[in-house]
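A.B. asks: Letter by letter, the chains look like this.
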Amino acid sequence: MGARNSIVLFFFMLFALSSASPRHKNKYKPCKHLVLYFHETVYNGTNVADATSAIVAAPQGANLTILAPQNYFGNIVIFNDPITLDNNIHSKPVGRAQGFYLYDTKDTITAWFGFSFILNSTDYQGSINFIGPNPVFEKTRDISVVEGSGDFFMHRGVATLRTDAFEGKYFFKLRVDIKFYECW
Amino acid sequence: MGARNSIVLFFFMLFALSSASPRHKNKYKPCKHLVLYFHETVYNGTNVADATSAIVAAPQGANLTILAPQNYFGNIVIFNDPITLDNNIHSKPVGRAQGFYLYDTKDTITAWFGFSFILNSTDYQGSINFIGPNPVFEKTRDISVVEGSGDFFMHRGVATLRTDAFEGKYFFKLRVDIKFYECW
Amino acid sequence: MGARNSIVLFFFMLFALSSASPRHKNKYKPCKHLVLYFHETVYNGTNVADATSAIVAAPQGANLTILAPQNYFGNIVIFNDPITLDNNIHSKPVGRAQGFYLYDTKDTITAWFGFSFILNSTDYQGSINFIGPNPVFEKTRDISVVEGSGDFFMHRGVATLRTDAFEGKYFFKLRVDIKFYECW
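Protein chains in written order, with our numbering: chain A, 1 to 184; chain B, 185 to 368; chain C, 369 to 552.
Bound conformation, chain A alone (with noise of 0.2 Å):
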């Protein structure tokens, strides 16, 4: 295959990937929008200035300071990050994100959430909440945005991920696109 083919299944793949959602694509436009980032490190054992997260559970045979051996299947994650508005780790933080993530597949990396979002600042005041999965191998990922409380009193939407970076096991950072497409 040449180069030029190459380049036009590269890009194909990316726009196949750049929506996991096509046959909605285009047909509700969001009430509300929001792009934030966190950024976690996970504890290993070393690390525990800078650890935002830690590992709490583990399967038969595994421990609490290295991610479990089969794609850490059976780990859970507990966590509290700092959220920015860019993918900066050193910008002023607008929040936290606090929760747990646990790993639930052996021979790939996808982790199921449960979390919040508690930001506070002068644009926003209030939590938003979220369930899902995440295969963090696929270029985004939806979750569910189930309500909050504040700014985002009953509201409902999907937020997108995407792995904006990371470095090695433990440490990575998140692109959260928010779309809510049910505001009161």
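These aren't lab readings, by the way, just hints derived from the structure by calculation. Be aware that a few hints might be false.
Below, in silico cross-link-like pairs of lysine-lysine (DSSO-like), each with a Cα-Cα straight-line distance of 30 Å or less [to be verified]: (1) A/Lys-92 / C/Lys-474; (2) A/Lys-29 / B/Lys-357; (3) B/Lys-290 / B/Lys-211; (4) A/Lys-179 / A/Lys-29; (5) A/Lys-32 / C/Lys-400; (6) C/Lys-460 / A/Lys-179.
Rough simulated footprint, nothing fancy, chain B against chain C, three-plus residues with beta-carbon under 8 Å [unchecked claim]: (7) 439-448; (8) 538-551.
All C-beta atoms in this analysis are idealised placements derived from N, C-alpha and C, irrespective of residue type, glycine included.
Model the placement of chains B and C on the given structure of chain A, informed by the hints.
C.D. replies: Leaving out everything else, chains B and C in the frame of chain A:
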């Protein structure tokens, strides 16, 4: 009590158990309806090749290969189970059920579920998110369908769980009737 | 600062704390409103007869009978607590609160809840599902009522938590104001 009365009583009990929400029985019609099955084999220390789930947390004194002594109270189980269109575990899977449940009663068996169906078939593409209580000895149990992605974008509904089969403590099969009452 | 100013400041603070979402304070009226209490006693290694909950996961170095050292960060607790109509633990229970919470902050106490109320009284039959963050030192905290079954079929709303009492680290009582804004 005579045999005839016993039979009448039996059918009366079946009827009484057959609806968890009689007051709403015929009032609303679902806008979408799916019936699916999922099949779970819990890791018990010896069945590593077949296991689709694992105990990852247990109360003080219990371990991760034997369900906890008081009706499993205090266990958290992470699962990744095949979903099929009928109750045959050998049927071609149409997706995976991924997430967790925890056992939360000492004097009977009840669980609390948080999980997703990830469907990938010619009929349906997308995920469906569930949370709610599962009192396993009731004939039917209703949990919440809080939203989804792809074909289930912003949908809401109710999922009725039925135990289709269980074989020992480490294998069970659930029938899931998913009725969406809010479709987008 | 004089006594009079202190009192004014005190009432001002009470007022400021009394609503987590002032912008929405009077805009919407609930279609259904319940006030309930639940009572929790965490297992601490010696109170097995009274305990209604247990620590089932802990961070590295901690155990399952003592709440973790950094404001309980990293603990997961499974609970099954009696629900009453008033704040008296000896009142007749109208149901059970079943599910889990996890502690997710090191420098203060905050929790993330996923649970259900299973109500079984002359007034209400059915379950109500909740998720959301609980920053325990705030006077009120709003979590999401994402749906239910029976009398709460497809309902959505907000639950405001207040700490009615705590006695030591292993007993607390929460008042829950459940306001449904979407009834079916």
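A.B. asks: Compare the structure with each hint and give your call.
C.D. replies: Cross-check of the supplied hints:
Simply put, A/Lys-92 and C/Lys-474 have alpha-carbon atoms about 20 Å apart, close enough for the 30 Å limit, and the pair holds. Annotation: proposed proximity of A/Lys-29 to B/Lys-357 is violated, straight-line Cα distance about 40 Å (limit 30 Å). Between B/Lys-290 and B/Lys-211 the alpha-carbon distance is near 36 Å, which puts this suggested pair outside the 30 Å criterion. For the hint pairing A/Lys-179 with A/Lys-29, the CA-to-CA distance comes to about 9 Å; that is within 30 Å, so the pair holds.
This hinted pair checks out: A/Lys-32 and C/Lys-400 have alpha carbons roughly 27 Å apart, not beyond 30 Å. Distance check on the hinted pair: C/Lys-460 and A/Lys-179 sit about 44 Å apart at the alpha-carbon level, beyond 30 Å; violated. With a cut-off of 8 Å between beta carbons, the region 439-448 of chain C has 4 residues touching chain B; three or more are needed, and the interface restraint holds. Coverage of the region 538-551 of chain C by chain B is violated. Counting CB-CB distances below 8 Å, 0 residues qualify, and the rule asks for three or more.
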